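S.K.: Please build the complete structure, drawing on both the sequences and the hints.
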Amino acid sequence: MQSPVPLQIPAVQCEQVSFSYGEIPILTDVSFSIQKLDAVALVGPNGGGKSTLLKLILGLLTPQTGTIKVLGVTPQQARKKIGYMPQYLQYDPSFPVSVMDVVLMGRAGSIGLGRYSTEDRRIAMQAMAELAVDGLASRPFNSLSGGQRQRILIARALACEPEILLLDEPTANVDPGVELQFFEILKELANRVTVLTVSHDLGFVSQMVSRVFCVNRQVKIHPTSELTGEIIHEMYGGDVRMVRHDHCCSEQGHSHADIL
Amino acid sequence: MLTYFSALTDPNMVFLRYALFAGLLAAPAFGIIGTYVVARRMTYLAGAIAHCVLGGIGAALYCQARYELTWLTPMLGAIVAAIGAALLIGLISLRSRERVDSVIGAIWVLGMATGIIFIAKTPGYIDPMSYLFGNILMITGGDLLTIAVLDVIVIGLGLLSYNRMIAVCFDEEFARLRGIRTELYTLLLLCLTALTIVLMVRVVGIVMVIALFTLPAATASHFSTRIWQMMLFATLLGMISVAGGLSLSYGLDLPSGPTIVMLAGFFYLTVIVGKGLKNRLR
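From first to last, the protein sequence lines stand for chains A and B.
According to my numbering, the first sequence is numbered sequentially starting from 1.
According to my numbering, the second sequence is numbered sequentially starting from 1001.
In short, the hints are calculated from the structure, not lab data.
Be aware that one or more of the hints could be misleading.
Just the calculated beta-carbon pair ranges, DEER-fashion [unchecked claim]:
#: 1; chain 1: A; residue 1: Pro-25; chain 2: B; residue 2: Gly-1179; range: 24 to 34 Å
#: 2; chain 1: B; residue 1: Lys-1278; chain 2: A; residue 2: Asp-92; range: 16 to 26 Å
#: 3; chain 1: A; residue 1: Ser-94; chain 2: B; residue 2: Leu-1137; range: 36 to 46 Å
Only a predicted model underlies this, so the values are computations on that prediction, with no experimental measurement involved.
For glycine and all other residues, C-beta sits at the position ideal for the given N, C-alpha and C.
M.R.: Now the structure itself:
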């Protein structure tokens, strides 16, 4: 409480943040702090405010009360250091762009009126390589599957060379078979950048994050080690079914929650 | 066809040559800006800007006749009205969050009504038809020069902003998060649209000028996997439509504007129907 010199500027700090669309309150009195290189998952019911919270952190929305600091400055000032993968791409399927074009958009902030440099292209290729999609670079974006598209959008976020990565439902369109591979990639990324990921699938994220934020008008924080059926029940309300798995990736096993 | 080519070199048929030059000069601007407009789904905004141009033309004709302001040509009036309408429409669609389409529709009609009233009140007889549907007989050497200058501005800015414009058109929110001032690019695109419209008002008129924006670009989108390809194909299709349309209109004694637009529409429908048949046969 009294520590005079903070050792490190938190990646994201929310203090008593409230946000409403008109009369409808979406988030009320939300306070939390996320340290650098922390990995956090936002879970909760639809309409609970997960995407709104991401948009507040991005500065696309402004809270009515409270303050948000990202890397010690306002969200707008920190924007360039945030890589964002939106849940829905409001994109026109007939828009003729290649995969490389899309990933290069992560570099669009630094080019002015000019062209992308060799360095920009190298960074974009590297981001694609990290997500194992570099082979798709010259393909038309609209010819990809949902899961491939999702990875390209993460590569685009990575091409921003972010310090913080915000992922809105990264597994929404991913086939169950690909999910595990996806999870390995995200886990790898979490070693380098601060990751905030919105997910419906608590089982999926609880393996890669250290804390779970339950967003349902308020934000409740749970270390993943403490996740119990009771807490999950509280997060989602009644319609949750717990499935206990015993994967070989952890000796103690871990819990999945499937939301019906 | 042969008579068309000999007509092009006929010193008494200078207007035909001017119309062809104007069309060929304008085609790259239409190809480039039309591609952005189609990709961004702004055709409706472009339509509103085009119709507001009549207000500027009318006001210029009126002032020329009434106050003897000879420098205030219809072309200048058109440019001022087009840019004014583009900025107004742009700011409304960016700022106001409600019923943007109603406001745009109102601007569309009011701009046109202003033009008709001015033309009606202008001393002497002026045929509004030639502004609404184009009249190649009205193109002067001075117009060609203006078209060339505007063309250079539009193509230059259109190509310079290529990468950022694509980023804004593809995913505006993401572009904004990269620190791009997306509102500025939207306004720039609308202003470039306005200038492009002015380029061809003489040839095809304000009512049909939108066809040259959308039809070549929409046709080209069926063959293109990249934006620059779409621009290139749209430019070529625009040139073919103008040259072919003028030739047909000369040979068959048809009004040139509608013939050009019909040809552009014919290409578009052929591609759509052809694609549909191909998919069905597969």
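S.K.: Run every hint past the structure and note whether it holds.
M.R.: Checked hints:
no.	hint	result
1	A:Pro-25 - B:Gly-1179: 24 to 34 Å	holds, 31 Å
2	B:Lys-1278 - A:Asp-92: 16 to 26 Å	holds, 22 Å
3	A:Ser-94 - B:Leu-1137: 36 to 46 Å	holds, 39 Å
Taken one by one, the earlier hints all hold for this structure without exception.
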